[in-house]
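Asks: In terms of this note's numbering, the sequence shown opens at residue 1 and continues consecutively.
No lab work stands behind these hints: they were computed from the structure. Hints should not be assumed to be uniformly reliable.
Label pairs and their computed distance ranges (CB to CB) [to be verified]:
1) N29 <-> R50: 25 to 35 Å
2) E40 <-> Q15: 18 to 28 Å
3) V4 <-> T30: 14 to 24 Å
4) E12 <-> Q45: 14 to 24 Å
These numbers were taken from a predicted model, which means no experiment stands behind them. Positions of the beta carbon are idealized from the N, C-alpha and C atoms, including for glycine.
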Amino acid sequence: MIHVWTYKDELERRQIRAQAIADRVWPPNTSEFIAEVKSEIFDPQPFTPRACTFAILWKL
Numbered sequence: 001m002i003h004v005w006t007y008k009d010e011l012e013r014r015q016i017r018a019q020a021i022a023d024r025v026w027p028p029n030t031s032e033f034i035a036e037v038k039s040e041i042f043d044p045q046p047f048t049p050r051a052c053t054f055a056i057l058w059k060l
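Could you build the full structure based on these sequences and the hints that come with them?
Replies: Structural data, given as structure tokens:
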């Protein structure tokens, strides 16, 4: 499964992540089902389309 989350900037990402951890909603308690976790942060370029408000699921 691939999640793509967009943020205004790195500060917003850190604030939202810290709040989710403080609220005990992240990370979810699913470690028994996860074989590997990888995080990558991409900096969009001016020509990058803006994020949409809906989700698309791709099966890999």
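Asks: Against this structure, judge whether each hint is valid.
Replies: Hints versus structure:
Checked against the hint of 25 to 35 Å, the pair N29 and R50 passes, with Cβ atoms roughly 33 Å apart. Between E40 and Q15 the Cβ separation comes to about 20 Å, which falls inside the hinted range of 18 to 28 Å. For V4 and T30, the hinted distance range of 14 to 24 Å is satisfied, since their beta carbons lie about 18 Å from each other. Restraint check, E12 to Q45: a C-beta distance of roughly 19 Å satisfies the suggested window 14 to 24 Å.
In the structure shown, no violation is registered for any of the earlier numbered hints.
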